[in-house]
Structures are given as structure tokens and as C-alpha cells.
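J.: Same order as they appear, the protein sequences are chains A and B. Its first residue numbered 0, the first sequence is counted upward by one per residue in numbering that gives the first Met the number 0. Its first residue numbered 0, the second sequence is counted upward by one per residue in numbering that gives the first Met the number 0.
Heads up, a few of these hints could be off.
Where chain A lies over chain B, by a calculated footprint (3+ residues, C-beta under 8 Å) [claimed, not checked]:
no.	stretch
1	41-55
2	76-83
3	102-111
4	181-190
Don't read these hints as lab results, they were simulated from the structure. All figures in this text were calculated on a predicted structure; none of them were measured in a lab. For every residue, glycine included, the Cβ atom is placed at its ideal position computed from N, Cα and C.
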Amino acid sequence: MLSVSNTDYFDLELTVNGTPVRRRIPTHLRLLDFLREELGLTGTKEVCGEGECGACTVLLDGLTVDACLIFAVETHGMEITTIEGLSRNGNLTPLQQAFIDHHSVQCGFCIPGMILSGEQMLRDHEQLTREEIRQDLSGNICRCTGYQKIVDAIESVSRDRR
Amino acid sequence: MAEFTYHRPARLTEAGDLMATLPGARLLAGGTDLLNDLDAGLVSAQHVISLRDIPELGSITERADSIAVGAGCTIAAIEASPVIHKYFPELLSVGLVFATPQVKHRATLGGNICSAVACGDFPVILTALQAEVTLYSAEGTRSVPMREFPLANRKTCRRDSEILTEIIIPKKPPAALARYEKFRRRAAGSLAVASVAVYLDLDGTRCRQARIVLGAVAPSPVNAVEAAALLQQKDLTPEVIRQAADLARKAARPITDVRATAEYRRELIFVLTQRALRAMVGYHGEIR
Numbered sequence: 000m001l002s003v004s005n006t007d008y009f010d011l012e013l014t015v016n017g018t019p020v021r022r023r024i025p026t027h028l029r030l031l032d033f034l035r036e037e038l039g040l041t042g043t044k045e046v047c048g049e050g051e052c053g054a055c056t057v058l059l060d061g062l063t064v065d066a067c068l069i070f071a072v073e074t075h076g077m078e079i080t081t082i083e084g085l086s087r088n089g090n091l092t093p094l095q096q097a098f099i100d101h102h103s104v105q106c107g108f109c110i111p112g113m114i115l116s117g118e119q120m121l122r123d124h125e126q127l128t129r130e131e132i133r134q135d136l137s138g139n140i141c142r143c144t145g146y147q148k149i150v151d152a153i154e155s156v157s158r159d160r161r
Numbered sequence: 000m001a002e003f004t005y006h007r008p009a010r011l012t013e014a015g016d017l018m019a020t021l022p023g024a025r026l027l028a029g030g031t032d033l034l035n036d037l038d039a040g041l042v043s044a045q046h047v048i049s050l051r052d053i054p055e056l057g058s059i060t061e062r063a064d065s066i067a068v069g070a071g072c073t074i075a076a077i078e079a080s081p082v083i084h085k086y087f088p089e090l091l092s093v094g095l096v097f098a099t100p101q102v103k104h105r106a107t108l109g110g111n112i113c114s115a116v117a118c119g120d121f122p123v124i125l126t127a128l129q130a131e132v133t134l135y136s137a138e139g140t141r142s143v144p145m146r147e148f149p150l151a152n153r154k155t156c157r158r159d160s161e162i163l164t165e166i167i168i169p170k171k172p173p174a175a176l177a178r179y180e181k182f183r184r185r186a187a188g189s190l191a192v193a194s195v196a197v198y199l200d201l202d203g204t205r206c207r208q209a210r211i212v213l214g215a216v217a218p219s220p221v222n223a224v225e226a227a228a229l230l231q232q233k234d235l236t237p238e239v240i241r242q243a244a245d246l247a248r249k250a251a252r253p254i255t256d257v258r259a260t261a262e263y264r265r266e267l268i269f270v271l272t273q274r275a276l277r278a279m280v281g282y283h284g285e286i287r
């Protein structure tokens with residue numbers, strides 16, 4: 000048997016934003032609460048809490064997931080990237096800068112999830128059409144912007160690197 | 000959500016032993032249903048058995064007459080599989096309308112089948128493709144046809160001690176094809192109001208064999224046997240298609256709920272059945 004917890008805790012080891020992390024956590028703790036409450040990474044937001052809106056999107060071994068629908072214990076040994084893990088030494092990624100340049104942000108609550116979905120699609124596809132961007136953003140809901148400027152920002156990064 | 004004891008076996012046999020000794024333990028695959036169900040109080044769990052580390056649940060393999068999909072394969076992994084692209088492109092179109100990218104990175108095929116919610120997508124197309132599921136327990140292994148697996152909404156014939164390990168999909172004859180039509184209230188991350196899966200083995204526009212399966216219009220997928228029988232050995236003209244769609248509508252047993260009325264769902268079955276069949280034989284005229 001690889002792994003079994005006591006009823007109330009589990010010794011979790013994983014990598015968050017490039018840093019190894021070790022914490023004793025309750026078994027039923029969601030990844031979202033682990034990131035926000037245990038690690039103080041509050042860039043990952045909670046809105047619906049049931050996997051509809053994508054505000055809690057993080058990258059788990061490089062794939063976008065809803066952190067509200069994963070038990071933290073399930074991420075043992077895995078690698079997580081949150082919005083806090085994208086910039087290096089204060090330098091924003093091209094996509095983060097594009098969101099500023101295109102005024103893609105209004106209230107901002109959905110934006111961390113939007114950017115992580117955008118980062119994954121830019122990594123997975125050499126070039127992106129607006130239709131593909133919309134398809135791949137279908138798990139992230141924004142109630143302010145109408146999406147146009149968010150799509151503009153992702154499209155511009157895809158275009159600029161041609 | 001309450002605390003539970005967390006088990007993460009590395010072998011199927013270990014998982015089977017745990018299931019035998021811990022009645023009522025919950026299996027955890029992608030978790031996209033289980034976390035919501037626990038949160039809503041629909042289910043409870045003192046023991047959770049994670050299937051994450053069991054390697055045989057995650058493979059897609061080609062056999063002589065079939066494709067075996069590990070129950071732990073995520074929908075995203077199925078969409079990325081060259082074997083699925085080659086043999087079952089219709090499953091890719093189901094993936095497109097299934098859920099958001101985030102959910103598809105976690106949700107598994109086995110989970111979608113075992114959750115057995117009335118509006119689920121994959122059980123409908125897999126019934127039309129005559130898939131079988133393999134159930135493993137400490138006592139042994141058994142196969143169940145997909146059409147017999149769901150018993151009611153959120154209820155299947157899987158015993159408490161059993162683990163769904165693989166889905167076997169028989170390869171289609173060369174001229175056969177399948178199609179899934181799903182009606183949803185919006186184009187992203189939305190559950191089926193009604194859906195139809197059609198399997199056809201064709202000789203030109205003449206039908207050798209047909210199966211029509213309806214989703215979200217009964218507690219579990221409905222095999223519209225009479226509708227399919229009407230197509231057999233016939234030339235699939237718009238009128239024949241219309242007659243079959245009418246029989247499909249009569250086979251539906253929908254309820255009225257938050258997503259639609261029963262009457263609307265029956266009409267949807269009439270339209271979606273025609274839409275699927277017409278697209279499969281290449282008619283593009285208006286459906287009346």
C-alpha cells in the first residue's frame with residue numbers, strides 16, 4: 000500500500016510555483032483552500048465552488064484544473080502553478096502584460112483563472128484562432144468584460160510570436 | 000464536508016481488497032462529481048479510495064476486435080488518443096460538448112459512467128456503440144453490456160465491492176458510423192437538455208443496421224428499438240428518417256425539471272434524431 004492517512008490528517012508533499020512544500024493537512028481539504036488558507040496564495044479565487052466558473056483555475060502538472068474540485072491530498076507529489084508563480088523577478092509574462100495593454104481587466108476576479116487558461120493554450124498551440132481561444136476559455140466565466148478584450152490579449156501574444 | 004480516511008492503493012488487487020473490507024467506501028477518480036456530491040450532502044464517505052496511482056486504469060489499448068479504454072482515462076486523454084482518433088472519432092465530438100477544459104482534465108470515462116446521472120453524455124454514445132464494461136472485485140471479474148449497466152438515475156448494477164476497470168468498445172464495420180447530438184442551453188459547460196446517439200451501418204444510403212439511443216429523457220439512456228428497427232434495410236430518405244424520429248419521440252419518457260419541460264424534451268428528440276440521421280446520410284434541408 001503506497002499511502003493511507005489517519006482519519007484526520009495527511010502529510011502532503013508537492014511543488015507549488017517551483018518550491019517544494021510539505022504540510023500536514025486534513026484529508027477533506029480542497030486544493031483551493033490549501034492554496035489560499037495554508038499557503039496564503041490568495042490569487043486563486045473562489046466563486047461558484049462547483050467547477051462551473053473557472054475562477055479557481057490553476058495548473059496541475061501543466062494542465063488547467065478547478066482547484067475547488069480536487070482534494071489537496073490527490074496532488075501529492077505533483078506540481079502546481081498559481082497566478083503568483085508566473086512572473087519572474089517582477090517581470091510579467093507576455094500574456095500578463097498583454098492583459099494590461101489590452102485593458103482586459105475590469106473587476107479582475109476572474110483574471111487569474113483567465114490568464115492560467117491562456118498560458119496553457121499558448122503553450123499547447125503554436126498559433127491560435129479567436130474561435131480556438133473562445134473554445135479553450137469556455138471553462139472561465141467573466142461577468143464584466145464581455146470577453147472581447149480577454150480574447151484580444153491572448154490573440155496578440157499568439158500573433159506577436161509568429 | 001467531513002473528514003475521511005484516505006487510501007491510495009498502487010495496485011488494482013489492493014483496491015479490490017480495500018473495497019471488500021470497507022463497505023461503503025467511496026471510489027475517487029477525477030473527483031468532479033464526488034466533491035460536488037459530498038459538498039451537497041448527496042453522499043457521505045468515511046473511507047475514500049483514490050484510484051490515482053493504479054496504472055492499468057489509465058491506458059487505451061487496441062485489441063483485435065475492440066478498443067479497451069481504462070476507466071481512469073480522463074476525457075482530455077481520450078480526446079488526445081491516436082487510437083480514439085482512428086477508430087472512434089464520434090467520441091471526440093462527445094468530448095467537445097461534454098464539459099469545460101478544466102473538468103475534462105480531471106473527469107474520467109469510468110466516472111461519467113458510474114455517476115450515471117440521467118443527463119450524462121458518454122453512456123448514451125457508448126450504448127449506441129454496444130460497449131461493455133469490465134467490473135473487478137476481490138472475487139473476480141465480470142462484463143456487463145453498457146445498455147444494462149445503468150439501472151436508474153445515479154444507480155448502476157455495480158456492486159459496492161466492485162471497481163469499473165475498463166470500457167471495451169467493439170470496432171465498427173468499415174461503412175459504419177456513429178453520431179451524438181446534444182441540445183444544451185448554452186454552448187459551454189452545459190448539461191444535456193436532451194441528447195441522441197445514432198449508430199448506422201450503411202450501404203450507400205441504405206441501412207444495414209441501426210441503433211438509436213436517447214439521453215436525458217428517462218432515468219437512464221433509452222434504447223429506441225422500434226425507431227432503429229424501422230430503418231433496417233431501408234433507403235434513408237427524409238421521410239423514413241422522419242418516421243423513425245417520430246418513433247424515437249414516442250420512446251422518450253422525459254420529466255419536467257429546471258432545464259426543460261417534458262413536452263419540449265419530446266420535441267427535441269424528434270428534431271435531434273432527424274438532425275443526426277440527416278447529417279449521417281448527407282441531407283441538409285429543413286426539418287419540419
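J.: Each hint needs a verdict: does it hold in this structure or not?
T.: Verification of the supplied hints:
Taking a C-beta to C-beta cut-off of 8 Å, the stretch 41-55 of chain B contributes 4 residues in contact with chain A, enough for the three needed, and the coverage statement holds. Closer than 8 Å: that is the beta-carbon criterion, and the stretch 76-83 of chain B has 0 residues meeting it against chain A, so the requirement of 3 is violated. With a threshold of 8 Å between beta carbons, the proposed coverage of the stretch 102-111 of chain B by chain A holds, since 3 of its residues qualify and at least three are required. Figure legend: the stretch 181-190 of chain B, annotated as covered by chain A; annotation consistent (3 residues with Cβ-Cβ distances under 8 Å, at least 3 required).
When held up to the earlier numbered hints, the structure conflicts with hint 2 and nothing else.
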